Amino acid sequence: MKRFALLLLIIACSFTQSRAQFDINKLMEHQWVDSVFNSLSPEQRIAQLVWVNTAANKDVTSQFKVAELIKKYNLGGVIFFSGDPVKQAQLTNLYQEEAQTPLLVAMDAEWGVGMRLPGVIPFPYNMMMGASDSPEQIKAVATAMAQQMKRLGVHINLGPVADSNTQPLNPIIGMRSFGESPQKVADYAIAYMQGLQENGIIAVAKHFPGHGDTQSDSHYTLPLVPYSRDRLDTVELYPFRKLAEAGIAGIMTAHLSVPQLDPQEAIPSSLSAPIIQGILQNEWGYKGLVITDAMNMAGAETFGAPGAIEALALKAGNDVVEFPKDIEKAIEGIQQAIERNELTWEEINHKCRRVLAAKRWAGLHQIKPINTRNLLNDLNSPQAELSKRQMIEASLTLLENQNQLIPLSRLDTLRIASLVVGNQSTIMPTPFQKILAKYTQTTNFFLPENFSNKDLNNLKEQLADFNLVIAGFHLYESKTRHSMQVGNMQRVRPKRPYGLTAETESLLQYLGTEKNSIEVFFSSPYALSEINDFQKPQGLVLSYQADSLVQELTAQLIFGGIGASGKLPVNLAPYYSLGDGISIDKAIRLKYTIPEELGVNSASLTSRIDSIVDDAIAQKATPGCSVLAAKDGKVFFRKTYGHHTYDQLIPVKENDLYDLASVTKITGALAAALKLTDDGAINLDSPFSNSWPDWKKSLFHRSNKEALTWREILAHQAGLIPYLNFWTATRKDGQLNSKWYSFQPTEKNQLEVSPGLFLSQRFKKKIYRQVRLSELKEPGKYVYSGLSFLLIPEITKRLSGEDYTDFLNKNFYHQLGAYTITYNPLERFPVNRIIPTEYDRYYRNQQIHGTVHDEAAAVLGGISGNAGLFATANDLAKLMEMYRQMGTYGNHKYLNKKTIKEFTQVQYPDNNNRRGLGFDKPLLNNQELDENRSYPCTAANPESFGHSGFTGTFVWTDPANGLTYIFLSNRVFPTREENKLGQLNVRTNILKVIYDEVEK
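Read in order, the letters of the sequence shown are residues 2 to 1001 in this note's numbering.
Just so you know, these hints were derived from the structure itself, not from any lab. Any given hint could turn out to be false.
[What the hints assert, rightly or not] Listed next, the in silico SDA-like pairs over lysine to any residue satisfying Cα-Cα at most 25 Å (straight line):
| hint | residue 1 | residue 2 |
| --- | --- | --- |
| 1 | LYS316 | ARG341 |
| 2 | LYS993 | LEU469 |
| 3 | LYS140 | TYR239 |
[Stated by the list, open to error] Quick list of the computed label-pair ranges, beta carbon to beta carbon:
| hint | residue 1 | residue 2 | range |
| --- | --- | --- | --- |
| 4 | MET429 | ASP734 | 51 to 57 Å |
| 5 | ASP686 | GLU803 | 24 to 30 Å |
| 6 | LYS782 | ASN833 | 42 to 48 Å |
| 7 | ASN738 | VAL832 | 52 to 58 Å |
These figures come from a predicted structure and were not determined experimentally. C-beta: ideal position from N, C-alpha, C; glycine also.
All chains should be modelled from the sequences, with the hints used to inform the complete structure.
The following block contains the structure:
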C-alpha cells in the first residue's frame, strides 16, 4: 500500500512539473491546433494575435462593443481589468459564445484577482511576499491565485513582476516588485510561476527587459534605462533569463528605451527586434509566448500611430499585441504591413499556431461555461485566506526590538495608547486596534492624514499618562496607492511620494525620543527612507500595506500571538539594509486564526455549531451566547449568536460580558487557592480550619468542620451540603427587612446586592456562622458543595495580606491582559456591554443586569468564590490557556506545573468521585461510555478539566489534545425555571463537535 501511495506521489509530482514546463513546440504539433488553425481565415489568424481589453463594470454599450469585435474578427483573447466577479463570469460566458475560436481570458492580477475585483480576497503585494524570503510560501500563494483564476474562467495571469526595484522613487513598479536583489527576485518569480503553471494558469513575466530602475512611468512617457550591458545582465535582465530557463509560458515586453540593447533612437523595447529576437529568443533560446505591454500606453505610442506600432510589435518578435488603442486599426495595420512585405504570412501563421498551442495547454479545447453559483464563496475560500494569512505572517518584518520589548510582557504595568495615523477608513477602531484590544486594555487615538501642529500638540497632552504608544502609520496607502493600479495613476509625483509631512516627522521625533513606543508602517518600506533624521523607536514593525488582515496579524505579532521572520527586501539607506529583520521564533499568547490552519473544515465546523445554537435559541433555551475554541494556543472558532434578550434589540458581541456563575469557582477562588498553595500558604492535606479559624471548635464555639482538609473540601469529598439560602434570613413577613437593607449606601450598609439595594456589612458574620453550623453529610462521599468557596476571598486576604480582588488582579487577570474578568462589572463597564440574567422574583424583585445572579454571592456584595465573576469569552480563554499550559502563559510563569497537575487530577477515584481539586473532570470511565451517557463527551481526555455555571456557562480545557473551549450564555433569562439548555445538552454537544472536527 505504501509503495502504491509513493508511486501516486511520484506520478503527481511528475505531472505538476510537466504542467509547470511550457513546451510550445510540442503543443504546436497537436491535432487540435492543426484543426483550429485550418478553420481560420487569414484575417482571423491575425486576430488571434490580438487581445481586447474590457471590464465588468463598464457600461453595457462598451461591453457589447467588445462582443461585436470578438464576433467580427474572432479575436484571440480578452483581458479584464475591473468589475464584479459574477458579472465578469457572465461576460466571459457571453464573449466565449460569440467567439468562433475559444478566447484566452487574461487578467492583470499580480496579487490575485482581488487586485481587480472588489469582494475577492487580494493576496499581499509582491514586495511583501518578497519579505517572506520563502519561495515555498510564494508558490503556495500563487497556487491559491491559480485556483481563483480557474474558478473564474481566467487562463492567463500577467504576472509575476520580475523587475528588480533598485530605484526607491520608481513611480510604477515599487511594491509590485519582489524586491531589490535580482537573484532573490528571480527565485521568487520562478516560485510564483510554478504555483500558476502547475495549476494550469499561464504565467507571464514582466516588464522585460526590466522596469525596476526608472523614475518615469511608461504609461505616460518612454522611460530611459541608461545602463551598460554588464549592468543590465546582472540586474535588469537576470530574473527574466532565469525565468526563461525555468520554462515560463510568457514574457511581457515593456515600453522602455534601452540604448545599450538597441541604439535606435527612442525605440521602445517592446518594438525592438534586437532586444526581443536578438536577446530573448536567439541569445537565450526562449520558446514561450511573447506578449506586449498595453499598446495604448504612451511609451509605445511615442513611436507610431495605432496599427503601425502593432505591426512593428509582431515584426520585432512579439506573438500577441495586448490592449491596442483601436482594434480595427491594429488588424488593418498588420494587414498593410503584410502587403508591404514588412511582415510575412509565414510569420503570422507561426505566431497563430503558437497562440493556439497556448490555448490547448490552457484547456480551451474542452471549454465549459463558468458556473456562477457560489462563485464568490468559492473565490473567497478558507484555503485562499489561509494562504494569505501564512504569507503575511512570514513577511511581517521586525526592524527594532530594543530590550526585547516585543512581544510585550508584564501587561499589568502597561498603559497603552493605540494611535492610528492617516487611515482613511471611516470604520473606527481599525482592525489593528481591535486586535490589540483582544490582548489587553488599550485606549484608541486617531490622527488624520493631514494633521496639523495643533492636532499634534493636543495629542501629546492626551498621551502624557500612557507609558507605551503603539502607533500605526498609513503613509503609502493614503498617499500613493493609486500608482499601483494601472489606469489610475499619478501623473505628477509629489515632492515626498511616500506621504511624509513635516508634522509626521515631528510626531516620529516625539515618539522616538520622548515616549516608549512601537511604530508600525502599513506602507511602502521606502517611506522610512523619506524620513529626515529618523529617531528609531524601541519597537519598529514594517507591515508593507494596510490590508485588514495585515493589520490584525501585526497586532498579534506585537503581543506574541505569532512570531516574526520577515526580512527587508530592499535597502532603506541610511537606516536599514537588504535582509534586515529580527526573528522571534515562537508564539507566547493566543493566536487568532481560522480552522483550516489546524486542518479543520470551517464550513463543517461552523454549520454544526450553528445548528446546535440556532436550535437552542429557537427553543428559547437561551437568547444568545458566545462560543470560543482554541487548539494549541490558536483560537480557531469565535462566534457570537443571538441577542442579549428575546426582544432581539441588542445582538451579542464578542466584547460582551457574561455572568460566569459557578465557573467563578475555578477562575476566581481556585486561582487564589492555587497561588496560595504554590506560595506555601496552603497545605492541601492540612485542616481547612488552619486557614479559616472560625471552623475551629471551642467551648462556646461549635463546629463540626475543624478536621476537614483542603483536599477533601476542594474535591467535594468532605460532606458539606450543597448550598444555603442566606438571603431568606434578611426577610420579615415576606419583605426585605429594613434592619438589614437601605436604598442608598450608608456607613453600615456597603454590600450592594443589586442597583439601589444595599445590605449591612454585619450580615457577613451571619453567613459565616450559618456555614460553620450547617449540616455535615457522611464524609468520604462525593457531594458537590459551594459553601467553602464563599470563604476563600476572606481566606485569601488573611493569608496574603491583600484584598481578594486585588490579589487576583495582580497575580492573574491584569498580567494576562484579561481586564474583563471582574467582579461587579458596572463599576468599570457600561451596562450595554453586560448580558442580563434573570428577572429575580424571589429576592431582589428586579431584572438582574450587571450584578451577580447568584443570591449567595449577592449577599456578599457580589464578591464571592462561588460566583460573581463576569468576563468575555476571549479573556476567559487566556486564563484557561494558562491552566492548559500548566501555569505558564505569555512567557510568564504564574503557577508551578506540579501544583496545577495536583489540582487537575482526580483525587478520590475509589469513591467514584471524578473531581479534581475544585476542577470538574470527565466521568471516571468516560471513554468507555455511550455518547449520551458520557460527560462531558467521550472524546474528552482523562487529563481534561473545566467547570459549568448555573447561568448557562461552561469552560473546558484538554492539555492532552491542546483544546480550550468556552461557552457563555444567559440561559436563566428571563427565568431559571426551565433548564432547556441543560436538557438539550447544548454546551457538551458543541464540545463534542469540536473534538469531532479537530480529530477528522
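Now for the hints, and whether the structure bears them out:
no.: 1; hint: LYS316 with ARG341; in the structure: holds, 12 Å
no.: 2; hint: LYS993 with LEU469; in the structure: violated, 42 Å
no.: 3; hint: LYS140 with TYR239; in the structure: holds, 20 Å
no.: 4; hint: MET429 with ASP734: 51 to 57 Å; in the structure: holds, 55 Å
no.: 5; hint: ASP686 with GLU803: 24 to 30 Å; in the structure: holds, 25 Å
no.: 6; hint: LYS782 with ASN833: 42 to 48 Å; in the structure: holds, 46 Å
no.: 7; hint: ASN738 with VAL832: 52 to 58 Å; in the structure: violated, 28 Å
Going down the numbered hints, you'll see the structure goes against 2 and 7, while the others check out.
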